[in-house]
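A.B. asks: Sequence:
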Amino acid sequence: MFRRPWFASVLSPRRPRNTLLRVGVGLLGLALLAVLLVFGLLIGAAMLGASLLWRARRSETSAKTASVPGAIDGEYRIVRKPALPTPIASAR
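Using my numbering, the letters of the sequence shown correspond one by one to residues 479 to 570.
Hints listed in this document are in silico derivations from the structure and should not be mistaken for laboratory results.
Take these hints with a grain of salt, some might be off.
Stated by the list, open to error - What follows is a list of derived Cβ distance ranges for each label pair:
hint, residue 1, residue 2, range
1, Leu519, Ile550, 24 to 32 Å
2, Arg536, Leu515, 26 to 34 Å
3, Val513, Pro547, 21 to 29 Å
4, Ala524, Asp551, 28 to 36 Å
5, Leu506, Gly552, 54 to 62 Å
6, Gly527, Pro560, 47 to 55 Å
7, Ala486, Leu514, 44 to 52 Å
8, Leu514, Val488, 21 to 29 Å
9, Leu511, Arg558, 57 to 65 Å
The C-beta atom is built at its ideal place from N, Cα and C for all residues, glycine as well.
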């Protein structure tokens, strides 16, 4: 599709010919990789810390709302009657 030489020359990555510049670009790439790695680790640690804090706060609230020892707590949903009428048993 793109067979123009100017397009290929613009987008193809080339290493510099100068040795010092080549080493500098390599070190810059490693530094960028290290920054991204540390940033990802910090985000992961923040997510773990937030989940631990969430669990700790949730367990505090559930401990405060303790019910009667013999009661069973639950959440219920009201189910509507079916739309179709139920068949009436015929009298014999």
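A.B. asks: Are the hints correct? Go through all of them and say.
C.D. replies: Verification of the hints:
no. : hint                        : verdict
1   : Leu519 x Ile550: 24 to 32 Å : violated, 44 Å
2   : Arg536 x Leu515: 26 to 34 Å : holds, 32 Å
3   : Val513 x Pro547: 21 to 29 Å : violated, 56 Å
4   : Ala524 x Asp551: 28 to 36 Å : holds, 33 Å
5   : Leu506 x Gly552: 54 to 62 Å : holds, 60 Å
6   : Gly527 x Pro560: 47 to 55 Å : holds, 49 Å
7   : Ala486 x Leu514: 44 to 52 Å : violated, 28 Å
8   : Leu514 x Val488: 21 to 29 Å : holds, 26 Å
9   : Leu511 x Arg558: 57 to 65 Å : holds, 59 Å
The earlier numbered hints that this structure contradicts are 1, 3, 7.
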